[in-house]
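Kindly generate the complete structure, drawing on both the sequences and the hints.
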Amino acid sequence: MKKLLLSSLIIVNCIFASYGQMEKNDTIKSNQFLYCEIVGESNLLQTKVRVAVDFGQEINYWTQYRDKFLVDENGKRIKFNSMIDALNYMAKLGWKFEQAYVVSTQNQLVYHYLLSKKGTLSDVKNGLTVKRDLED
1 MKKLLLSSLI
11 IVNCIFASYG
21 QMEKNDTIKS
31 NQFLYCEIVG
41 ESNLLQTKVR
51 VAVDFGQEIN
61 YWTQYRDKFL
71 VDENGKRIKF
81 NSMIDALNYM
91 AKLGWKFEQA
101 YVVSTQNQLV
111 YHYLLSKKGT
121 LSDVKNGLTV
131 KRDLED
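In our numbering, the protein residues as written are 1 to 136.
Treat the hints as calculated values from the structure; they're not laboratory data. Being a predicted model, the structure only gives us computed values, none of them experimental. A virtual CB, placed ideally from N, CA and C, is assigned to each residue, including glycine. Among the clues, some could well be false.
Unchecked claim - Calculated cross-link-like contacts (lysine-lysine; reagent style DSS-like; alpha-carbon spacing at most 30 Å):
1. 79 / 117
2. 48 / 125
3. 79 / 125
4. 117 / 68
5. 117 / 48
6. 131 / 68
7. 117 / 76
8. 68 / 125
9. 79 / 131
10. 131 / 96
11. 131 / 117
12. 68 / 96
13. 68 / 92
14. 131 / 118
15. 118 / 79
16. 48 / 68
17. 131 / 76
18. 79 / 48
19. 92 / 76
Unchecked claim - Simulated restraints, written as ranges between beta carbons of each label pair:
20. 129 / 106: 28 to 36 Å
21. 92 / 122: 15 to 23 Å
22. 56 / 135: 33 to 41 Å
23. 96 / 43: 22 to 30 Å
24. 92 / 48: 15 to 23 Å
25. 100 / 126: 21 to 29 Å
26. 75 / 126: 37 to 45 Å
27. 106 / 126: 32 to 40 Å
28. 85 / 107: 34 to 42 Å
29. 104 / 129: 28 to 36 Å
30. 31 / 109: 34 to 42 Å
31. 107 / 35: 23 to 31 Å
32. 32 / 79: 29 to 37 Å
Encoded structure:
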C-alpha cells in the first residue's frame with residue numbers, strides 16, 4: 001500500500017511540475033531567442049535549391065507548399081542558388097546561424113540550418129512571407 005501511495009504522489013508531483021514549465025506562445029518576451037530551421041533540398045540534375053522554412057508553425061499535409069516555402073510579394077516562390085544564398089538572405093533579416101547538418105537520401109542531399117533571432121513571435125516573420133500569408 002505504501003508503494004502505491006508513494007508512486008501516486010510521485011506521478012502527481014511530476015504532472016504538476018511539468019505543467020509549471022509550460023509557457024503560452026503569446027507570453028514570449030522580447031529578449032527571448034526564437035529559432036527557425038531552413039531546409040534545402042538539392043537534386044543532382046538541378047542547380048537551384050528548394051528551401052523550406054520552419055518556425056514551428058502548423059503545417060497541413062495538403063497545404064504544405066503554402067505553409068513553408070518563401071515567396072516574394074507577387075506570390076512566386078523564391079529560388080536560391082545555394083544554401084549559402086538562403087543563409088545570406090536570412091542574415092539580412094537579422095537571423096543568426098547556429099548549427100547545420102546534411103542528410104543524404106537516395107538521389108538528393110537535404111541541408112538543415114538552424115537559425116536564431118531575439119524578439120517576439122510577431123517580429124520573427126518580419127520580411128519573410130509564405131504563400132498562406134498572402135491568402136489571409
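Consistency of the hints with the structure:
{"no.": "1", "hint": "79 / 117", "verdict": "holds, 23 Å"}
{"no.": "2", "hint": "48 / 125", "verdict": "holds, 24 Å"}
{"no.": "3", "hint": "79 / 125", "verdict": "holds, 18 Å"}
{"no.": "4", "hint": "117 / 68", "verdict": "holds, 18 Å"}
{"no.": "5", "hint": "117 / 48", "verdict": "holds, 26 Å"}
{"no.": "6", "hint": "131 / 68", "verdict": "holds, 8 Å"}
{"no.": "7", "hint": "117 / 76", "verdict": "holds, 26 Å"}
{"no.": "8", "hint": "68 / 125", "verdict": "holds, 12 Å"}
{"no.": "9", "hint": "79 / 131", "verdict": "holds, 14 Å"}
{"no.": "10", "hint": "131 / 96", "verdict": "holds, 24 Å"}
{"no.": "11", "hint": "131 / 117", "verdict": "holds, 22 Å"}
{"no.": "12", "hint": "68 / 96", "verdict": "holds, 19 Å"}
{"no.": "13", "hint": "68 / 92", "verdict": "holds, 19 Å"}
{"no.": "14", "hint": "131 / 118", "verdict": "holds, 24 Å"}
{"no.": "15", "hint": "118 / 79", "verdict": "holds, 26 Å"}
{"no.": "16", "hint": "48 / 68", "verdict": "holds, 17 Å"}
{"no.": "17", "hint": "131 / 76", "verdict": "holds, 8 Å"}
{"no.": "18", "hint": "79 / 48", "verdict": "holds, 7 Å"}
{"no.": "19", "hint": "92 / 76", "verdict": "holds, 20 Å"}
{"no.": "20", "hint": "129 / 106: 28 to 36 Å", "verdict": "holds, 31 Å"}
{"no.": "21", "hint": "92 / 122: 15 to 23 Å", "verdict": "holds, 19 Å"}
{"no.": "22", "hint": "56 / 135: 33 to 41 Å", "verdict": "violated, 20 Å"}
{"no.": "23", "hint": "96 / 43: 22 to 30 Å", "verdict": "holds, 29 Å"}
{"no.": "24", "hint": "92 / 48: 15 to 23 Å", "verdict": "holds, 19 Å"}
{"no.": "25", "hint": "100 / 126: 21 to 29 Å", "verdict": "holds, 23 Å"}
{"no.": "26", "hint": "75 / 126: 37 to 45 Å", "verdict": "violated, 18 Å"}
{"no.": "27", "hint": "106 / 126: 32 to 40 Å", "verdict": "holds, 37 Å"}
{"no.": "28", "hint": "85 / 107: 34 to 42 Å", "verdict": "violated, 22 Å"}
{"no.": "29", "hint": "104 / 129: 28 to 36 Å", "verdict": "holds, 30 Å"}
{"no.": "30", "hint": "31 / 109: 34 to 42 Å", "verdict": "holds, 36 Å"}
{"no.": "31", "hint": "107 / 35: 23 to 31 Å", "verdict": "holds, 30 Å"}
{"no.": "32", "hint": "32 / 79: 29 to 37 Å", "verdict": "holds, 32 Å"}
Comparing the model with each earlier hint shows violations of hints 22, 26, 28; every other hint is respected.
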